[in-house]
Amino acid sequence: MMRASPARIVLYVVSALVLVYLILPVLIIAPISFSSARFLTFPPPSFSLRWYQLYFANPAWMQATRVTLTVALLTVGIATPFGVAAAYAISQSKLRIMRLIHMTLLLPLVVPIIITAVGIFFVYAKVGLVATMPGLVLANVMLGLPYVVISVLAGLQSFDPAQEMVARSLGMNRLRSFFAVTLPQIKSSVVAGGIFAFISAMDETIVALFISGGQYQPLTKRMFTALRDEIDPTIAAISTLMTAGSFLLVLLATSRQGKKT
Amino acid sequence: MTTSVPDPSERHQRREHALMLALVSPALLVILMLIVLPVGWLAWQSVYHDGFTLENYRRVFTEDIYWRSFALTFEISLAVTLIALLLGYPVAYLANSLPKRWGILVLSLVVLPFWTSVLVRAYAWLALLQRTGVINQFLRYLDVISEPLALVHNTFGTVVATVHILLPFMVLPLYATMQKIPNDLMQAGASLGASPSLTFFRVFLPLSLPGVLAGCTMVFVLCLGFYITPELLGGGRTVMVSMLVSRNVELYNQFGAASAVAVVLLLSVLAIFFVVSRFISLDRVLGQK
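For the protein sequence lines, the chains are A and B, in the order given.
Heads up: the first sequence begins at 50 in my numbering, then just goes up one per residue.
Heads up: the second sequence begins at 542 in my numbering, then just goes up one per residue.
Where hints are given, some of them may not hold.
Claimed, not checked - Quick list of simulated restraints, FRET-style, between CB atoms:
1. S687(B) <-> P108(A): 51 to 57 Å
2. G777(B) <-> L300(A): 36 to 42 Å
3. K143(A) <-> I722(B): 32 to 38 Å
4. A229(A) <-> L739(B): 46 to 52 Å
5. L683(B) <-> Q264(A): 47 to 53 Å
6. P747(B) <-> R145(A): 33 to 39 Å
7. M152(A) <-> S732(B): 44 to 50 Å
Hints listed in this document are in silico derivations from the structure and should not be mistaken for laboratory results.
Quick reminder that beta carbons are idealized off the backbone N, C-alpha and C, glycines included.
Can you build the whole structure from these sequences, using the hints too?
Next up, the structure:
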């Protein structure tokens, strides 16, 4: 059936070109980051770690890195339990309002992020949360929640609530039966949701541009400002580290999701 | 959970409802405080400044920079959507027609850049497209050009990088829809003597249209609100709506105008979702990510 007709060959060539277009920019950064040249030359003149040294030696970059990691970890720590609780309630409850609540929880995916960012900025300005750590964390919790909810709801879909009922009829209370029976079975989707919330917080830029400042600027805000002004290969070094980090996390998340089935 | 049992369970059921609402409330509170309230605030601020006023909207609809920016944003979004469809459809088709393992490989290559920060990719495109960038140097090395081409800091660079970022949002719903098209249909077409291209255009393409609609909606809507890429790669000349919002806030302190622009943008997005939802389930559009 799949003989190499001319149409088929065109399909292969076009697809290959599109894939190159998709992958090339991701691959180009690493060689730049290991090049000794100040400006981009191709091929890179010689191998060097100077951009990595510059990154690790710069207190401003280091402070921004600490902020980003702290925000991302706190975001996961808050968004995951909130999201799991919400997803559990949405899947178990027969209340009609749950459908509306479900839609509301997905709003961060629907509203263009620039609008969310400006809106949060106005609200934060009124209550004094601009350029603060709690403000940054809260905003990221909001942005990360949909990922946890979607992931956990998908996990709960294949879970039979009768099992939890059995545990309760055998004398476990609700909370214990959740932790003993339900959670172990949806663990992989909880972890996956948490990892997506973590990546979302690591990458979040636009809200941070508006509401972060002073010593509480995440890495992405500093990178954005640096990119607007000049092309500094230090950013290639940071980018390479970030990309490597998020690939590792995604591998972790998807391998866990794979285990589920 | 226990539905039909009478009296004694009624109290139980009420407690059950209360528990479920309590469980959902922390997440709901965060969403209400951090997105519903802020967006509501924007809407209020766009019509209220020492009294009710439509001045901000009058400016958005009459002043040149505003409607030109809206027109440009819709043009770019349309172009990006069409290009993403043209590039994404063959890839999704290929992934769908290959044996499962190879199809998954193609898909993971598509999703790979998905997990690279948008900033990182903006940097990569700058490195590739700028005057002294990789592509210009390569073309000069081949003697194809003598002067570097202006590939970035303009609309071209913005579109190239935006399509790159949004392409996975096109390919995934397309692939999901194509997966549901039964292979028998194509074989039936073939066995009745239709040529492969006829079966494709008469059977496969129409059946994949829901995926096309879902992908196009997602790409178009996301593109309408794009900020980082046009800001970094547009060279200041490609002023999309999102940049208009940010400039009004950061540079000119025009909060009312910024809010009005944001509200018009949001209403456009909601209108698109509403229209699309009449044809396909919204879960199909949103659930892909």
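Self-check item: Contradicted hints - numbers only
Solution: 1, 4
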